[in-house]
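Going line by line, the protein sequences match chains A and B.
Numbering follows UniProt numbering, in which position 116 of the first sequence is assigned residue number 116; successive positions increment by one, without gaps.
Numbering follows UniProt numbering, in which position 63 of the second sequence is assigned residue number 63; successive positions increment by one, without gaps.
None of these hints come from the bench; they were simulated from the model.
It cannot be assumed that every hint is accurate.
In this list, chains with the same sequence are indistinguishable; a pair is considered to hold if it fits within one copy or across any two.
[Unchecked claim] Calculated lysine to aspartate or glutamate pairs in the EDC-like style (CA-CA distance at most 20 Å, straight line):
(1) K309 x E292
(2) K51 x D26
(3) K275 x D178
(4) K416 x D218
(5) K181 x D277
(6) K416 x D95
(7) K275 x D68
(8) K51 x E375
(9) K289 x E273
(10) K309 x D178
(11) K56 x D26
(12) K309 x D39
(13) K181 x E282
(14) K416 x D217
Owing to the predicted nature of the structure, the values given are computational and were not obtained by experimental measurement.
Number of protein chains: 2
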Amino acid sequence: MGFQVTIPEGSPFTLHNIPFGVISTDANPEPHCATAIGDYALDLPSYFHSKASDDKCFAPLSCEAIHDIFNQPSLNAFAALPSATRTAIRAHLIDAIQNSTVPGLCLISLFRVRMHLPMRIGGYSDFFCSLEHCQNCSSMTGGVAPNFFHAPSVYNGRVSSIIPSPQPVRRPKGVTYDTGKGSGNPVYGASKKLDFELEMGYFVSEPIAHGETMSIDDAREHIFGFVLLNDWSSRDIQAFEMNPLGPFHSKGFGTSISPWVVTLDALAPFACEPKHDHSAVEFEHLRWKEREVGTFDVELTASLVREQKRYQVTKSNLRWLYWSPYQQLAHHASAGCGLGTGDLLGSGTISGEREGELGCLFEATQGGEKPIRFEDGTSLGYLEDHDEVVLEGWCGEGEARIGFGECTGVLLPASK
Amino acid sequence: MGFQVTIPEGSPFTLHNIPFGVISTDANPEPHCATAIGDYALDLPSYFHSKASDDKCFAPLSCEAIHDIFNQPSLNAFAALPSATRTAIRAHLIDAIQNSTVPGLCLISLFRVRMHLPMRIGGYSDFFCSLEHCQNCSSMTGGVAPNFFHAPSVYNGRVSSIIPSPQPVRRPKGVTYDTGKGSGNPVYGASKKLDFELEMGYFVSEPIAHGETMSIDDAREHIFGFVLLNDWSSRDIQAFEMNPLGPFHSKGFGTSISPWVVTLDALAPFACEPKHDHSAVEFEHLRWKEREVGTFDVELTASLVREQKRYQVTKSNLRWLYWSPYQQLAHHASAGCGLGTGDLLGSGTISGEREGELGCLFEATQGGEKPIRFEDGTSLGYLEDHDEVVLEGWCGEGEARIGFGECTGVLLPASK
């Protein structure tokens, strides 16, 4: 008989979730795979080692083989398994936790674990797919480009920028115009317009070979799961560099992700219809077959923590995107660039129509001109040193509710 | 006594070169490191294995340790060694070849080796730093942006696009306007405006940590070596997607590099002054201390092979860039994005001022409007299926001459 896990009220990591991540501890400092349940990390190599004599396991895989897959510093080997095998392993873990057959030694308090990047990431692309965000940012991007309505817009990000929550981010130095806008005298120094962007990210499971494309009907087979993503952005560096090549240094200094990957299996009950009706989409490769489950209902918030006080800045929802993650992935694959297991795709900032639903400060403060005033008088224009930004994501209500955990990071002052 | 290598007249791989690459053969199908000399690849794990009893080797490294460093499918471990150690190993190899102490078994005809990507590449960035190219492309980019003159312009490329010469490239499908230009009716299909770009690429040796910057005086310590790079480009996809996020699918389907990395040691005799005098550069991090050796004199050509006939399309020179590789690297590092061993940076297309010196067909044919006519009447607008593009690069004259070998690739028809 193993340990009986009690799941505290309000935990994102219920039996309906079973997210996957990479942890290390003082006792086992080599990063390895785990799942989260309540206030615990379940050490997966330990667990499958404890079952190693059970050779039935997940035929054709022995428990020892599964131990080896999880005893690695990334989830790539697990994500590369057929989705049916991953589904069976997740179902097994739910069963084992529910029936208290997990040895107590495999469960470690979440307070004792360090979180690492969950995947070995070969490529990172970030989309620009929220119509409201695009409209609100049009002063920086020169208006909503006509191409926005034909296909998902996307640029390559920098893999080295990706860090796991709660690692802090340092305010970058860079070249800007002294006006902080798109013209003026160029200066090099610490960015003065530091922003966050409320996004989700998702990881590729089954790869798409270089030169091959993917049918949107198969998109589910190629997505391992979702995380929260904060695309920290420097608006003054961006204003300098944006034309003609797009964002580079303005994004490359830090991109935070929540460390637990919530699988498509866990998200399946929250599949829903996208907010935007563009069923008349021109291109076959972007056309949903099942519009009613074309995206997911994930409630998102971004909050500011300043001097130990927490202020909600925005709320949003994944389903508000104009182009869904399935459409994004299909478009990404449509020109044969190839996608590997562990590649990360960012949804792009997700904004709604109203005040309090804008996914970054550039939008919410009209380029820093109109700071947000909270009830206690605190004012938020762009971010100040030592500000912390916390993203959260939740699906569903009551018993069935699942969450992503926090994606958080403190903004450190620029280096001397 | 070992084998005496005769170096044929016109070989790029003389004793002054000693480039590094990754090969496999039928007899040893696991990719591993080699150097090229004349018409041979010198198998480096075999060579250092043959010397394993010589424990002096390169203190503190034993020959066995160096064997292990080279017995890998990438040059990353070698490139991560201190530059003085790499220099000593190169000098030792020159000495061993010159004195015929290399066992014949370690030398394999270049006709018998398969070439692989030389490095495990974590990030790929491509610059836009030739003033002439920028001016000639201004119709696509909306004019020369003022930021061009203040700092090197750069965007993130896609690592999965990078392939070693002579691997073929497939014409991509993608979304374009039916006009092939920046407006019209969007259509999805095979690109009709397939172009090459004549560039060089260079690999990072000593990493720069996330959040750190680099002084331009230290740039040499962070560059492992150079290759030729063909940034295959689809101009009709680019015209669709360029605004506002920059190039993505138009570049992501294939980027060819020459497979032998020519080290900074080999290039040192060809250090020279850049063509463009912008010593009044505003930013400390871009200011040369030694302008007279601020770049390298590498003569470049791009040729078309069609129906077994070869036509020189353009000639160019690395030193014609407005921003040198050292300045590019310093600017890349200036915002703390971090650079890892094996990261690849593309110089950007290198054009000169005259006809016959333009680095891509978009420039040389004025957007496809004025095809090039060769003497035999052959006409070249954009590339046709089965066209081959061959880049070459050479430094110096006579005995001291070294070359990069070819960067070549055939354009395959789009998939059905």
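Hint by hint, here is what the structure shows:
1. K309 x E292: neither (40 Å within a copy, 56 Å between copies)
2. K51 x D26: neither (24 Å within a copy, 42 Å between copies)
3. K275 x D178: neither (40 Å within a copy, 30 Å between copies)
4. K416 x D218: Between copies only: 19 Å across chains, 50 Å inside a chain, cut-off 20 Å.
5. K181 x D277: neither (35 Å within a copy, 28 Å between copies)
6. K416 x D95: This pair counts as neither: shortest intra-copy Cα distance 53 Å, inter-copy 46 Å.
7. K275 x D68: neither (42 Å within a copy, 56 Å between copies)
8. K51 x E375: neither (55 Å within a copy, 75 Å between copies)
9. K289 x E273: within (12 Å within a copy, 60 Å between copies)
10. K309 x D178: neither (32 Å within a copy, 55 Å between copies)
11. K56 x D26: The answer is neither: 33 Å in one copy and 39 Å across copies each exceed 20 Å.
12. K309 x D39: The answer is neither: 24 Å in one copy and 70 Å across copies each exceed 20 Å.
13. K181 x E282: Answer is between; shortest inter-copy Cα gap is 19 Å, intra-copy 36 Å.
14. K416 x D217: between (51 Å within a copy, 19 Å between copies)
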